[in-house]
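Number of protein chains: 4
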Amino acid sequence: MVKVAVLGATGYAGTELVRLLADHPGVELVFLSSESQAGSKFSQVHPQFEGLVDTRLQSLQVEAIPEGVKVVFCALPHGRSAPVVPGLLQRGFKVIDLSADFRLHPPALYPRWYGWEHPAPGLLRSSVYGLPEINASAVSRARLVANPGCFPTGAILPLAPLAAERLVDWDSVIIDAKTGVSGAGRTPRPGFHFPDCSDNFKAYRVGNHQHTPEIEQELGRLAGGEVARVTFVPHLVPMIRGILSTVYVKMPGRSLEGLYDLYEDFYRDSIFVRVCRERLPETRLVRGSNYCDLALRVDERAGRLIIISCIDNLIKGASGQAVQNMNLMFGYLQEEGLTQVSF
Amino acid sequence: MVKVAVLGATGYAGTELVRLLADHPGVELVFLSSESQAGSKFSQVHPQFEGLVDTRLQSLQVEAIPEGVKVVFCALPHGRSAPVVPGLLQRGFKVIDLSADFRLHPPALYPRWYGWEHPAPGLLRSSVYGLPEINASAVSRARLVANPGCFPTGAILPLAPLAAERLVDWDSVIIDAKTGVSGAGRTPRPGFHFPDCSDNFKAYRVGNHQHTPEIEQELGRLAGGEVARVTFVPHLVPMIRGILSTVYVKMPGRSLEGLYDLYEDFYRDSIFVRVCRERLPETRLVRGSNYCDLALRVDERAGRLIIISCIDNLIKGASGQAVQNMNLMFGYLQEEGLTQVSF
Amino acid sequence: MVKVAVLGATGYAGTELVRLLADHPGVELVFLSSESQAGSKFSQVHPQFEGLVDTRLQSLQVEAIPEGVKVVFCALPHGRSAPVVPGLLQRGFKVIDLSADFRLHPPALYPRWYGWEHPAPGLLRSSVYGLPEINASAVSRARLVANPGCFPTGAILPLAPLAAERLVDWDSVIIDAKTGVSGAGRTPRPGFHFPDCSDNFKAYRVGNHQHTPEIEQELGRLAGGEVARVTFVPHLVPMIRGILSTVYVKMPGRSLEGLYDLYEDFYRDSIFVRVCRERLPETRLVRGSNYCDLALRVDERAGRLIIISCIDNLIKGASGQAVQNMNLMFGYLQEEGLTQVSF
Amino acid sequence: MVKVAVLGATGYAGTELVRLLADHPGVELVFLSSESQAGSKFSQVHPQFEGLVDTRLQSLQVEAIPEGVKVVFCALPHGRSAPVVPGLLQRGFKVIDLSADFRLHPPALYPRWYGWEHPAPGLLRSSVYGLPEINASAVSRARLVANPGCFPTGAILPLAPLAAERLVDWDSVIIDAKTGVSGAGRTPRPGFHFPDCSDNFKAYRVGNHQHTPEIEQELGRLAGGEVARVTFVPHLVPMIRGILSTVYVKMPGRSLEGLYDLYEDFYRDSIFVRVCRERLPETRLVRGSNYCDLALRVDERAGRLIIISCIDNLIKGASGQAVQNMNLMFGYLQEEGLTQVSF
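Residue numbers (this note's numbering), protein chains in the order written: chain A, 1 to 343; chain B, 1 to 343; chain C, 1 to 343; chain D, 1 to 343.
Treat the hints as calculated values from the structure; they're not laboratory data. Each hint should be verified, as a subset may be incorrect.
To be verified - With a straight-line Cα cutoff of 30 Å, these simulated DSS-like cross-link-like pairs (lysine-lysine) come out: (1) D:250 to C:250; (2) A:250 to B:250; (3) A:70 to A:41.
What the hints assert, rightly or not - Beta-carbon label-pair distances, calculated as ranges: (4) B:300 to A:87: 31 to 41 Å; (5) B:137 to A:278: 45 to 55 Å; (6) D:335 to C:59: 58 to 68 Å; (7) A:169 to D:56: 54 to 64 Å; (8) C:26 to D:36: 37 to 47 Å; (9) A:51 to C:335: 54 to 64 Å; (10) D:335 to A:80: 32 to 42 Å; (11) C:143 to A:115: 47 to 57 Å; (12) B:187 to D:122: 52 to 62 Å.
Cβ atoms here follow ideal geometry from the backbone N, Cα and C, with glycine treated the same way.
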């Protein structure tokens, strides 16, 4: 039984973590923190947990985390993890951080893309990017896992097999991504107010979203050090969950059949990637599950490959992936606690 | 007072036509047909028109259209207009056809993209593509107007100023389009059944949508005969109305400022195109209106221009545009009957 | 041309007022105020009005309203109108107030239901309840019109014909009301955040909503001074607009046919009430329009009459009704500027 | 390991059954039928089950069900179970029928409310109404369980404690129910077509819904044979899942506190009923779970008790309840396979 703490337990990602971990046969939830709701029970904030998770929420103090905890999940807002994680590691906890704070290796990227200086740049070298499909063995040995962003997960998985074979023309890559509204977090803001958000569709942060360097870093690494470059444009869909990414890339010199073989081979051991030959992915088919569905199509006339990927932004794009990483770190089956089928 | 007939009045486009025409100060609605609902009142099929449009629906017989009618709107399904339009023209009516049946000039494109031989290929030469922003004077003299498709409207307007200046690298053009569900028409089908369509997002007809040649034909013509080529991928958004298109093209050798000047100049007389310098378009801001909103952004790192366009698929993408064409054909102000603000 | 001012122009009701008034042939919009957005153009806050209403928003100072204004619409939050209206009347403006501040006659009801002492109790005697279907002649002579609430409009109209005939058993009246989310206003709050509000349904303020005394006051007045009493329970529907009310009342000693005749007779001159004999009302059929649709059904086994009413909460439930009142006050046709059909 | 068959496996209720049963530790799924999709794999019809439930769908022939099956779930349309169930029982299978075909005891109710003569009236005496909260011991011994309808589940549970104490004034009971669209089944029809169903709210079958006699039968039985009578009005909410029922009844001669005690006592052993003292139920808080949430409120002025109940129509209202019944019939813990928390 692995004793576990969750920091930032009441946000969307934190809540999904609690839901998955509460049902995980190898986990005991022993500490939940919330900055805004400390003192309340978790089930008072999220009544669907009444009688199931009535743990009292605590304020975030590293020293309050009980001895015996083996791993701490940080589901804090971006920029709030970096100051906390060093203390967690010093106390000997393994850490799975769901924020962006330990994903980028060059410290200089933080001021540029996130607007703040990194307070613990030394840790950026040792953190492991927690995308199990491309990084399983490093994750299994890691003390600090940087859990990928939702958009990067949906963008890297469809391109990874090509990148690993150095088949990508980096001048040609466009990632047109569409996300459900839970991706924006649990704080009410005008753009996510039901009457203005429902029955509406829009693009945002066109061409300068902060997830871009994360995507490029990991794809470049997969491609053996090539300088990866992508155009990334996110859009907001009036749905609760899900990310569908439409990825455009110059057709590599292979047939569609050959590419499908490549993808199936690359993901042979990846239980959570489904390469779809017949059907096209839809977000509802992965809702609530840890799957990433992928399909390939060719625009022959334009010489272009089109890859469609689908994930649940809160599961494979955040909390499910974090649990998958934990499973690797503690020797559980990768799918332990993650077998829920979408509905 | 122009006397008007609408064929196929009970579908989504037909109903919007009736709504707009019933409120148009220069129009008298004298004949409405419906294949499935002949014999009923229009307001029995669409009760929001009770007391306003109680006209009895007739079956589609060309000879039943009264003398004195000046223009016939065909809002019939694709493939159903082509057999009817020759008879309408013989009776001396002007025709505005909302189907795809007279949009493509080479007859050979119909078997390839639509799956049927064109029964009146001779008319394809004389039909006028009814996109007023690029074709106003031809429309004003036309007897047969082929009203553009909703996707082509949202795809051509963002590219037209570049095409007209021959600034487009046709190897680089991608149109990633997202449409509301009314674009699929009024017939219930599994993919549009609320429980499977709500809270869901998907791509469809990836890279082979039948609107592709229409887009290429008109952009090529604008570019003085260049062979235009685009990758076009449509997606389905869980909203009722609206199309947002994200258009990617290699950055022409101009500054963003210069491009904005070019767009404003090109659309100086186009009352229904709003070139947005500050804000990004959202479908709700054009819902129910005849506007097309456009914004330009640059991905400097990738050398790529990104153009966002938004229309209401049933108004500027269908019925509003048809009324705009009628206004041109009969000497009304282009915006007559089309000044409704979105809500 | 009636010169008009709108206070609180950027909230949902204010924005709808501006939209309707901008298109009204007898109105000139000369003053718009906004507490939070003063200094911006109206069209910067609501870009769908670009080029149409670019008026600069002003802060709310009574003395800044230009001479020549004939009527001021107050679309301020509840409790904010009461301190302002006396000054407006002193300057000689007619006032149509969309808040609840002048709807209840006994001043004592304000502390009990709204939580504040009324600052101008003397005006409560002279304000006219602006429901044109029951109060047209008083409205036409009024200087201060208290525009009804959205729920009261949807609750009074289905019961008014019975009340006027004293056919209501007041022990039996239940109003189960369901509203779209725009009824909660434009300020983002957790209960209206898209991910928590979409795909969800709930009741709120069960049995103690502040609209209850307004409903009872007007129904009692219609019933010639009977003490009206209703159970009122509102619910939140994941839709943008619309209120549907299901009203239960003990079957009066009349046949359904007789009751339909009574309703048609009562509303003979009420252009905006549609008594539906065949169909049941749906909110989409009144969306964006000023109609109230009504239908009657009988549960024979239980001896109960069930009345369904539907309105658009922002039009007939707020801004459309305010314009209708203005039309009465200035001698326009009641439907002037209000003929938009739902879509 | 209980071997199980599901007839009608591809409809919404059948699919949820398969999802729950596939994850149930004591169940082996050995036979799935589908009238329309026989020959396909289950996972071809519902791709979210790829790699998880690839069972081939069979046509519905009783003799094709393998020996060794212990229980057959019938998730067939209303009227299709009655002809099949006798043969299933003859083969010695226990049967849990999700249709209405064995819920009503007097055969004469079928022609009146469903429009057909019952082909196996003898079984109506021996079938057990499968609402475990009021009928657990009979269910545990039953050979034929009539699984309750979704509306009756949401209507009986909020009234059962009052009925059992004979505290209900049957002249006063109104059940105003609101359901998500999945309640209408998986077949596309105009009223459930996304563009007409989204952003819309309506009532239907007002006062004569076929679930009424089922509600009255079970409440009457609970009340020791009183003649129960309710007014039942269903409404359609633009959401996928969930039923919220607002139940009105004359205040019994007890305090609210006393009533809460009564409810908590009545449901002391009912793990899936949550009596909520503080919060009001919302459908999202039971989505995907087998819970029924209940809250009580009083309208003091009108002397009326208002009870709010919430269920997921496909889980507690159909498939989850069926699994709960199976657990009782085979000696499993009632909650086995049903512990999923809503999300």
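Hints versus structure:
| no. | hint | in the structure |
| --- | --- | --- |
| 1 | D:250 to C:250 | holds, 14 Å |
| 2 | A:250 to B:250 | holds, 14 Å |
| 3 | A:70 to A:41 | holds, 23 Å |
| 4 | B:300 to A:87: 31 to 41 Å | holds, 39 Å |
| 5 | B:137 to A:278: 45 to 55 Å | holds, 49 Å |
| 6 | D:335 to C:59: 58 to 68 Å | holds, 60 Å |
| 7 | A:169 to D:56: 54 to 64 Å | violated, 43 Å |
| 8 | C:26 to D:36: 37 to 47 Å | violated, 60 Å |
| 9 | A:51 to C:335: 54 to 64 Å | holds, 56 Å |
| 10 | D:335 to A:80: 32 to 42 Å | holds, 37 Å |
| 11 | C:143 to A:115: 47 to 57 Å | holds, 55 Å |
| 12 | B:187 to D:122: 52 to 62 Å | violated, 44 Å |
Hints 7, 8 and 12, counting from the list given before, are not met by this structure.
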